[in-house]
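Undergrad: Use the sequences and the hints to build the structure in full.
Number of protein chains: 2
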Amino acid sequence: MKKTDVLVLGGLSGITAGLSCRRHYPDKSVTLVRKEGTVLIPCGIPYIFGTVGGPQNNVVPDGLLESNSIELIKGEAVAIDRDKKIATLKDTTQIEYDKLIFATGSLPVIPPIPGINKKNVFPVKKEFEYLGDVLNSMKTVEDVVIIGGGFIGVEFADECRKGRDINVTLVEALPHCLQMAMDDEYCTEAEGRLNEAGVKIMVNTMVKEIVGDDVVTGVKLADGTVLKADAVILGIGANPNTFLAEKAGLELGYKKAIKVDRYMQSYSDPNIFACGDCAEKFSFFNGRPVPIMLASIATAEARIAGANLFSPVHQNCGAISVFSTMINKRAFAVAGITERMAKQSEMSYVIGRHEASDTHPVGMPDSSIVKVKIVFAKSTGVILGGSISGGRSAGEMINVLSACIMHRMTANDMAQFQMGTHPALTPSPIAYPIVNAACKAVLEIHCH
Amino acid sequence: MKKTDVLVLGGLSGITAGLSCRRHYPDKSVTLVRKEGTVLIPCGIPYIFGTVGGPQNNVVPDGLLESNSIELIKGEAVAIDRDKKIATLKDTTQIEYDKLIFATGSLPVIPPIPGINKKNVFPVKKEFEYLGDVLNSMKTVEDVVIIGGGFIGVEFADECRKGRDINVTLVEALPHCLQMAMDDEYCTEAEGRLNEAGVKIMVNTMVKEIVGDDVVTGVKLADGTVLKADAVILGIGANPNTFLAEKAGLELGYKKAIKVDRYMQSYSDPNIFACGDCAEKFSFFNGRPVPIMLASIATAEARIAGANLFSPVHQNCGAISVFSTMINKRAFAVAGITERMAKQSEMSYVIGRHEASDTHPVGMPDSSIVKVKIVFAKSTGVILGGSISGGRSAGEMINVLSACIMHRMTANDMAQFQMGTHPALTPSPIAYPIVNAACKAVLEIHCH
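Residue numbers (our numbering), protein chains in the order written: chain A, 50 to 497; chain B, 50 to 497.
Worth flagging that the hints you see were computed from the coordinates, not collected in a lab.
Be a bit skeptical, because a hint or two may be false.
Each pair may be met inside one copy or between any two copies, as identical chains are not told apart.
Claimed, not checked - Okay, derived cross-link-like pairs now, DSBU-like style, lysine-lysine, Cα gap no bigger than 30 angstroms in a straight line:
id : residue 1 : residue 2
1  : K308      : K378
2  : K420      : K174
3  : K134      : K305
4  : K427      : K77
5  : K296      : K84
6  : K211      : K378
7  : K489      : K77
8  : K304      : K139
9  : K378      : K420
10 : K167      : K139
11 : K257      : K84
12 : K489      : K123
13 : K52       : K489
14 : K378      : K51
15 : K139      : K308
16 : K489      : K249
17 : K305      : K123
18 : K304      : K51
19 : K211      : K133
20 : K249      : K134
A quick note: this is a predicted structure, and the numbers were derived from the prediction, not measured.
TA: This is how it looks when you write it as structure tokens:
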């Protein structure tokens, strides 16, 4: 029987966990088992449909595995015998392991809408051939309806219009696109950008039925209207892929994710770790389970899991939740708690806002206005979160806020933040928006 | 006699100090006295000569003063009576103050080279009309020699070639341009970029004399060679502008900068504060005086000084020294301690390096390779500094490192950093270079 010190099941976070294990335990044998011939970069999937042109341009290179002596087995684990520490694959191969990592990811939610299984209704699966087929079918469509206005939905909407003069309608049940992720003013700005890109947005709109014979021809809404559609993309969200973990008797938690502790060790079995979308996430702030699925969190967890396998000492501090997107050439990014979330949690908070040109003087080329909003706890002054819209540099500016959150900086600390500035690269030192937003908030925190 | 609660002397950091005072002490009257009719954005000065086209496109708007009820007096303070707390201007106006802030900046170094006072030899003064004249004279030149390969020198060199088919030669005494600021490999990369932009670089080269009659015609080097030159730009550095402070009997420190404590309060007089280039800087790391002059530090200090005027409680943690530049479309940035500095200080250190595309997958438009190098203390794992070259986003990525340095994060902490990632905006979550550089360093720190 094949033996390996470390057996990893899964894709993106599996690769990262394997690399982390290799770095920390150079003498251990590591085997990665996965179903997919090729692992796609998950956050790049929408861009297959426009900017990068196809799934072949969005793959995680397997060269990383070879160069780190990680054996790759293409197959599907179907059973785990935890007592004997043996995994069985679909083709009956058995692999004995010492430590096992679940990195099995998530599967797209298929909502129970009548007609959802008609042809040309596409959930966003992270599968190479499947997405190639979806892309192919987009060549002949004229009317695309995207159900769900979260990140996946808006990114698909934006990309579907690139190089295609087709009708794209985004249908969202809530009052705003991206409402779960961003505050109203940023949602409104993002919606404006989508409109400018030619995307029609319908908010406060429920889908009742997918119509058509074999193939979809329309989407019927709650009010009876039928939107013409020869393709439907489902951007409703994803659930942890934990069928095998459940079958193996591992305790599952929130949303049926594998229950793990701060070492990414499963509650049920000290020899089994989990990371990424299949593992339960807890909040950096209050420690409660949170339904966050981000590739960046998955890889952070994978690094922790891999490092902890034979000496669990690396602590996961919990999910801050930092993400960014680009909608019709404008970046939107959030780290931690938004004003909406602060209100919902009945926090007493103070908002600091500032906007500035992201170059200085304004006449420098490729300028954008960057808008920063930071939420601080009123009683302590500690940063809770921040939101940014702006140009390209907003993607790293949100990571500055992430570092501030991780260190529980106060508005006063942040008012003295030492940033580097340069005319071509950043806002001016006088106007640097993170610092100025903090400066404004300081006073409200001090005065009350 | 005119009375004001707060009198600020100076330009950029003066404005920022005034704004900080206004925020913290809304009832105090604030008066700003400065010689210049218009304050230039200091870091934007090289861009006057190319990208932005003129000094009029590089000014700090005075609207900020008006809208914050800060009175502006154009004049030059020539004497301070500290006992009576009265400042006298050149035109004999007297102003009684309660608190005084020196923000008098710096003046360019004019090296004692024979012929240095010839016409068309231009030190980089931060003066509107003067720079307009320099720009004008650049219209007719054919051969420009820039003396000094620091930031100012390389930025001028790059800009002088924009829209002008002229010969630009950069002369540097050290083995590399930017050698005081960056490690060799980054210097080499920057020099390559300058060469590609058509700049001729002469390193290890000393200037002996400026030749010509009334007007410069050439630059004579130590080996006797004469470089043809109809304009010379001096980018040698700057010294604190503290003539008035010295005259007023304030204690001066390193390089004759005004001695201040962590509250930015002058050693000699509790009613006098100083900030920016005229104030002594001390290192974030060892607390010793350092000769760093950066607009971003000046504004950070100005915010602290303004906040401390009537209640000194805000501490300056010392200069980390974070800066960035753009040379022929490539960004270079450093925060804290470079490998060169670590070696010179006999630190035991570990280097973590990683490079990655700054978008993912690589096929996303406007991709650059971003190269990150981080220096950690070997014994503690604490980050000491980092260097980055890359595309536009490097300007904010260096600020992520600044936040890490400020919090004395260890390589292990940074290996678990939660960054947000997005295909169009950042490196991939697997390859994120700050995290990967830290991951590599962790092992060396652990093993020894």
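Undergrad: Between K304 and K51, at a C-alpha cutoff of 30 angstroms, which is it: within one copy, between copies, both, or neither?
TA: neither (34 angstroms within a copy, 70 angstroms between copies)
Undergrad: Taking 30 angstroms as the upper bound on the Cα-Cα distance, should K420 and K174 be classified as within, between, both, or neither?
TA: neither (34 angstroms within a copy, 33 angstroms between copies)
Undergrad: Using 30 angstroms as the alpha carbon limit, work out where K134 and K305 are close: within a copy, between copies, both or neither.
TA: For K134 and K305, the Cα distance is within 30 angstroms only inside one copy (23 angstroms; across copies 71 angstroms).
Undergrad: Should K378 paired with K51 be assigned to within, between, both, or neither, using CA atoms and 30 angstroms as the limit?
TA: Neither. Shortest intra-copy (50 angstroms) and inter-copy (52 angstroms) distances fail the 30 angstroms Cα cut-off.
Undergrad: For K489 and K123, with the copy left unspecified, which applies at a CA distance of at most 30 angstroms: within, between, both, or neither?
TA: Classified as between; 28 angstroms across copies, 55 angstroms inside a copy.
Undergrad: Within, between, both or neither: how does the pair K308, K378 come out at a Cα-Cα threshold of 30 angstroms?
TA: neither (39 angstroms within a copy, 48 angstroms between copies)
Undergrad: At most 30 angstroms between CA atoms: does that hold for K211 and K378 within a copy, between copies, both, or neither?
TA: Both ways: K211 and K378 sit 12 angstroms apart in one copy and 27 angstroms across, limit 30 angstroms.
Undergrad: Since the copies are identical, ignore which copy is meant and state whether K305 and K123 lie within 30 angstroms (CA to CA) inside a copy, between copies, both or neither.
TA: within (26 angstroms within a copy, 69 angstroms between copies)
Undergrad: Tell me, please, which holds for K489 and K77 at an alpha-carbon limit of 30 angstroms: within, between, both or neither?
TA: between (53 angstroms within a copy, 18 angstroms between copies)
Undergrad: Using 30 angstroms as the alpha-carbon threshold, which applies to K167 and K139: within, between, both, or neither?
TA: within (29 angstroms within a copy, 85 angstroms between copies)
Undergrad: Cα distance capped at 30 angstroms. Does K378 pair with K420 within a copy, between copies, both, or neither?
TA: both (15 angstroms within a copy, 25 angstroms between copies)
Undergrad: Taking 30 angstroms as the upper bound on the Cα-Cα distance, should K427 and K77 be classified as within, between, both, or neither?
TA: between (49 angstroms within a copy, 25 angstroms between copies)
In this structure, the hints that do not hold are numbers 1, 2, 11, 14, 16, 18, 19 and 20, in rising order.
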